[in-house]
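Undergrad: First to last, the sequence lines map onto chains A and B. If you count the first sequence from 1, position 452 lands on 492 in our numbering, and the numbers rise without skipping. If you count the second sequence from 1, position 243 lands on 283 in our numbering, and the numbers rise without skipping.
Be aware that a few hints might be false.
For chains that are exact copies, the list does not tell them apart, and a pair is met inside one copy or across any two.
Said to hold, decoys possible - Straight-line Cα separation of at most 30 Å, DSS-like style, residue types lysine-lysine; simulated pairs: (1) LYS299 to LYS431; (2) LYS325 to LYS299; (3) LYS89 to LYS388; (4) LYS104 to LYS431; (5) LYS431 to LYS311; (6) LYS299 to LYS248.
Don't read these hints as lab results, they were simulated from the structure.
There are 2 protein chains.
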Amino acid sequence: MSVPGCTMVIFGGTGDLAHRKLAPAIYNLHLEGRLPSDFSLVGIGRKQKSDSQYRQELAASISKYSSSTWDEKQWQTLALKIHYHAGDMRYAENYLPFKNAVEACNIESGGNGNYLYYMALAPHLFTPIAENLKLHNMTAGESGWRRIMIEKPFGYDLSSARKLNNTLSAVFDEENIYRIDHYLGKEMLQNILVIRFANTIFEPLWNKRFIDHVQISARESDGIGDRGRYYDRVGAMRDMFQSHLLQMLALMAMEPPLKADPDTIRTEKLKLLNAVHLWPEEESKSNLIFGQYYGYMQEKDVAAYSQTETYIALKLAVNNSRWQGVPFYLQTGKKLEDKLVKIVIQFKSPPSFYFGDPLEGVYKERSDLINLLTLKVQPREGVVFQFNIKKPAAIEEVVPAEMDFCQPCAFMINTPEAYELLLLDVMNGDQTRFSSWNEIESSWILTDSIYSQHRKSLGNFDIYEAGSMGPESAADMLIRDGRHWW
Amino acid sequence: MSVPGCTMVIFGGTGDLAHRKLAPAIYNLHLEGRLPSDFSLVGIGRKQKSDSQYRQELAASISKYSSSTWDEKQWQTLALKIHYHAGDMRYAENYLPFKNAVEACNIESGGNGNYLYYMALAPHLFTPIAENLKLHNMTAGESGWRRIMIEKPFGYDLSSARKLNNTLSAVFDEENIYRIDHYLGKEMLQNILVIRFANTIFEPLWNKRFIDHVQISARESDGIGDRGRYYDRVGAMRDMFQSHLLQMLALMAMEPPLKADPDTIRTEKLKLLNAVHLWPEEESKSNLIFGQYYGYMQEKDVAAYSQTETYIALKLAVNNSRWQGVPFYLQTGKKLEDKLVKIVIQFKSPPSFYFGDPLEGVYKERSDLINLLTLKVQPREGVVFQFNIKKPAAIEEVVPAEMDFCQPCAFMINTPEAYELLLLDVMNGDQTRFSSWNEIESSWILTDSIYSQHRKSLGNFDIYEAGSMGPESAADMLIRDGRHWW
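Next up, chain A with everything else stripped away, as it sits in the complex (with noise of 0.2 Å):
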């Protein structure tokens, strides 16, 4: 695999992301020997400091966060491609410096011409600086390409995205705007495709006729840390829901490309996305909760009456001949019991027919007698499919079992990083793992309009125990379906 080099340009060098996920995936493709030789680094931020002080910086916190062990040797090969500049990047006369500064870094590493603008710094800056790299002719050469990577969310609410996205548009062409959802960097998330189409037995169950409903869980025991000022703003439902949880979605329920190309693979993801809604309410009873965990608002930074809602539980309809009366159950939250990402589908019970009266069967399901199917996104990914066998020993008793597939434990490596794959794809040019506008366009539609549901509810929230499993709101909303959580 001969992957193209370029210069990295991280806007928000200095930054948390750059630190805790940017730095450790490089240095991981380093070790790997997947980095490209003409590969170089620039971290930007508004503080002076020399490239050593910024190296040593960066490797301090690679050494804590990365999953790899720390090899000097290698680390001092890596230092060497990575620089620092100082600017305040809104400002367009600080903008020469900068652009010689990065010439000479591509220049040195190789002159490949190639430049990565990676955005890890708050939203409002992301339109000054794209204006300035267009006004000083650095998002188009003679040689080599320009792409721009721009972390989630993507804008605040529909209007904001697509300000932002006609701003992005004016600057660089829709195919060098790579939209990050990492979670389409993660393993299982890429697996799930596959696992839906390489697999005749799965391939034909994957509809209303078998499946009874669907659990797409991203479940955090942390709170918000010192990140208030940035979540207090955006809340599970941008946090999470509108990226995250949707996107697994799409993956799951898409009708199934014609092909494994990232332009057909996104069209039907968009399919899906517009054939979401919030499943329709009977008799009052809401399909959609929105929970804060107690004691929310006395954290860092976090308004005194703050209105975010740090967990959110719906009750989606997905509006198409293949999930017509299938409801999917999604949950995203903070401050819970445990900590962990899964997608659920459990599958219609047998009838009892054979099971206990013959005549019941008629009516009646063995709603006792359960198929599961667990694909496992974090900590641990795997599959995992829940049975029923005959109980050893016993002549009728029915029982479950489990079949597991441990993902890590099957190949005996650590999983790659969701960043590794994702600098890789931008530096390959594949845009598969990366949102379109058009999907990110939709599921703000979507997200807007149960924003717009829930303050229609007069934005009632329902406080939950810090490690508590989540509202009990949440619960109910399954139970009265006759189903609980997974």
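Since the structure of chain A is provided, determine the placement of chain B on it from the hints.
TA: Relative to the frame of chain A, chain B by itself:
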């Protein structure tokens, strides 16, 4: 569970089966508290010996062959219920003392009036014993039941089986004749119907639309040991195919029964067996392999120019709507490299539209994308599902993965021996795990027709090396279909 007790009379009480299987099974049931308190045992043999001598001999065998550890105190309780009676039971004059002995024994153990006759001796003795039991009014009584258990093979071919059945039917009602196929007592065989019908995920796939072919293997690494006299007369067809292999096939392939009741299930198995045929030959390529291991003719008690098969492999068709066009490959043999009994279901491969050239999908399957469901019968019971996932860290590569359910691992208990269940079944009057006469008749019709096919091809044998995978022709039979033994 309150099981009615009985006096169990073992004809052949000093033989191999009594020592290796029956006595250990009774001991295990006793240890587990599942043996009724009003149970007693009378072993019959020709040699004179005292009760205490017989008990000592059984104790030695139990401590050698039982899966449980030896418990002297428990054995002492059980031993009191065990008696011995000497006599050549071919002759009517020996029946009066015999009758007195077993009646005394029944009265001593509570007098429930139930008698279970176990035929643990050579088949030619079944008829005289059955007729003498009738003659001496031991096959029906004013109270209690009289049941007979017969070891397989039931007859030697269709005509001898019919003759034997006529004799038994003149003496016992069909409901009191228990024809043993001890495979039906194995956990995984009992599990087949549960796995098929208690799991929504399997039931819809269980037909020609989704299944490519089925393999049923019963492979043994042992030779014939000192059973040459028996084995050389029956061979692999009568020893394994006519009974065990066909029962596995019937359970795997039968239509759903209306309810889990013995007659209903046996009727469905019979329908299935009636639909089984040897796959028609194409261009004189045989679908029937008879093999004999090198050195078999030198084994003890084997004829010098023996034409007995120690290995068979067949390609069968099930002529019904569910299985039209789906081959069932069966094999069994002795002195092979490995030792296992399993059913492997290979599902069809997905079209290649998604994982390759979209146009190829029109006419081609991705034949490397395999889905296998393996039902392991022996040595370790379990279910394994092989499916396909994305290779970790790779973008497009698809690799196989396995989910494994190991029954003894999951339940932390020893799976009960087949004979334990079968003895309890007979005391309970449950015929589910026994073969009906109609099933046996049907399987002999098929078996005889295969022998006649074999004779038509001049009785050719393929000699194979001891410790090998079997005759090469058996591998070739699948290879020419583009398949291979799993």
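Undergrad: Would you mind marking each hint as holding or not holding in the structure?
TA: Verification of the supplied hints:
1. LYS299 to LYS431: Answer is between; shortest inter-copy Cα gap is 18 Å, intra-copy 43 Å.
2. LYS325 to LYS299: neither (41 Å within a copy, 40 Å between copies)
3. LYS89 to LYS388: Answer is neither: 61 Å inside a copy and 62 Å across each miss the 30 Å cutoff.
4. LYS104 to LYS431: between (48 Å within a copy, 28 Å between copies)
5. LYS431 to LYS311: between (44 Å within a copy, 27 Å between copies)
6. LYS299 to LYS248: Intra 24 Å, inter 27 Å, cutoff 30 Å: intra and inter.
Hint violations for this structure: numbers 2 and 3, all remaining hints satisfied.
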